[in-house]
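Enquirer: Sequence:
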Amino acid sequence: MQLKDSLIPAIGFASLNALMLAAMSMCAKLLATYFGPLEVTIFRNIISLAALFAWLFFARQLFVLKTERPWAHLFRGAIGTAGIVLGMWAVSLLSLAETTVLLFTSPLFTTILSVIFLKERIGLPRIAAVLCGFMGVIIVAAPWGMMNGEKLAIPLLGLAVGLGWGFFSGSVDACLRWIGTTEKSTTTVFYFALFGTIATALHWPFATIHPDSFSSPALMLIVGIGVAGLISLLAKTQSFRLGKASTIAPIMYTMIIWTTLFDYLFWDKIPTWNVIAGACIIIVSNLFILYRENRKPKANKPAADING
41 MQLKDSLIPA IGFASLNALM LAAMSMCAKL LATYFGPLEV TIFRNIISLA
91 ALFAWLFFAR QLFVLKTERP WAHLFRGAIG TAGIVLGMWA VSLLSLAETT
141 VLLFTSPLFT TILSVIFLKE RIGLPRIAAV LCGFMGVIIV AAPWGMMNGE
191 KLAIPLLGLA VGLGWGFFSG SVDACLRWIG TTEKSTTTVF YFALFGTIAT
241 ALHWPFATIH PDSFSSPALM LIVGIGVAGL ISLLAKTQSF RLGKASTIAP
291 IMYTMIIWTT LFDYLFWDKI PTWNVIAGAC IIIVSNLFIL YRENRKPKAN
341 KPAADING
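Taking the working numbering, the leading residue of the sequence shown gets 41, the next gets one more, and so forth.
Hints should not be assumed to be uniformly reliable.
As the list claims (entries may be wrong) - Once the Cα atoms are required to be at most 25 Å apart in a straight line, the calculated PhoX-like pairs of lysine-lysine come out as:
no. : residue 1 : residue 2
1   : 159       : 224
2   : 224       : 309
3   : 224       : 106
Unchecked claim - Pair by pair, the computed Cβ-Cβ distance ranges are:
no. : residue 1 : residue 2 : range
4   : 293       : 156       : 24 to 34 Å
5   : 105       : 167       : 38 to 48 Å
6   : 155       : 178       : 17 to 27 Å
7   : 284       : 250       : 38 to 48 Å
8   : 178       : 111       : 31 to 41 Å
9   : 257       : 115       : 34 to 44 Å
10  : 167       : 101       : 35 to 45 Å
Simulated from the structure, these hints should not be mistaken for laboratory data. Glycine included, every Cβ here is placed at the ideal spot set by N, Cα and C.
Turn these sequences into a full structure, and let the hints steer you where they fit.
Expert: Encoded structure:
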């Protein structure tokens, strides 16, 4: 049972997690000037991996890395890394707010995938919520293009990549319902970071390195994406330790506030009305799905994922 004196710290850490994820997206978008999405993913993963390994080593917790399900971790690492690469690509194609809204489709995909692969049963209310959520995506995409002289449609490639990020993020959540019944969250996160670092590092010999790729501004952004990712990792872990998922999950949607602010400050861009309307529909659909999820009994509670 959640203690009352833990509620405010839990919300605080969840809010910090949302801010750091937005900051990480901002750094990734700024880094797109110097590197491609695979290179940006390398920096994100290697810093997280080094920090996590150092913590486990000095805390004498290396025993948590023992696992009897290596293939499950390999699968989780593959889909998680694919999602992160698509996320780094999406922020280079779209505004931060648009990318964030498309990321919010992940719970919709989680619900669908849980039915297909985990044989979970859902009723008409959750089916309707999923359909409403994708109606929100259509509003964000604005296939009608223009209204009152304002360009609303977002690039088709950006839409596909952003939805791909949401799909793989939702796939990770569905995977964690399966793997989380036996594996600790720290174990899962470590092998995800390890796989992501190795997989993306294989691309490094083929990377296009510009003369200013490791200039002072670029190095500051590399440090920024690593620090933001690390703080997000710690904040999310702490928030789920102190609070219930039903309390923590809605706080994640404050990320849209920060990404909108960063869009305005760095790129002088504000979201169009269709992005705002679509975001509201997607968020309400997700919250309804979360409400219905928390009403059903759960035999096993999956390990909380961290940052991807």
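Enquirer: Now, for every hint given, state plainly whether the structure supports it.
Expert: Hints, verified against the model:
1. 159 <-> 224: Between residue 159 and residue 224 the Cα gap is close to 23 Å, so the pair holds against 25 Å.
2. 224 <-> 309: Cα-Cα ~41 Å, so violated.
3. 224 <-> 106: OK: residue 224 and residue 106 at ~10 Å, within 25 Å.
4. 293 <-> 156: 24 to 34 Å: The hint (24 to 34 Å, Cβ to Cβ) holds, given that residue 293 and residue 156 are roughly 26 Å apart.
5. 105 <-> 167: 38 to 48 Å: About 40 Å separates the Cβ atoms of residue 105 and residue 167, which means 38 to 48 Å holds.
6. 155 <-> 178: 17 to 27 Å: holds (22 Å)
7. 284 <-> 250: 38 to 48 Å: holds (47 Å)
8. 178 <-> 111: 31 to 41 Å: Given about 37 Å between the Cβ atoms, the range holds.
9. 257 <-> 115: 34 to 44 Å: This hint holds: roughly 37 Å between Cβ atoms.
10. 167 <-> 101: 35 to 45 Å: At roughly 42 Å between Cβ atoms, residue 101 and residue 167 fall inside 35 to 45 Å, so the hint holds.
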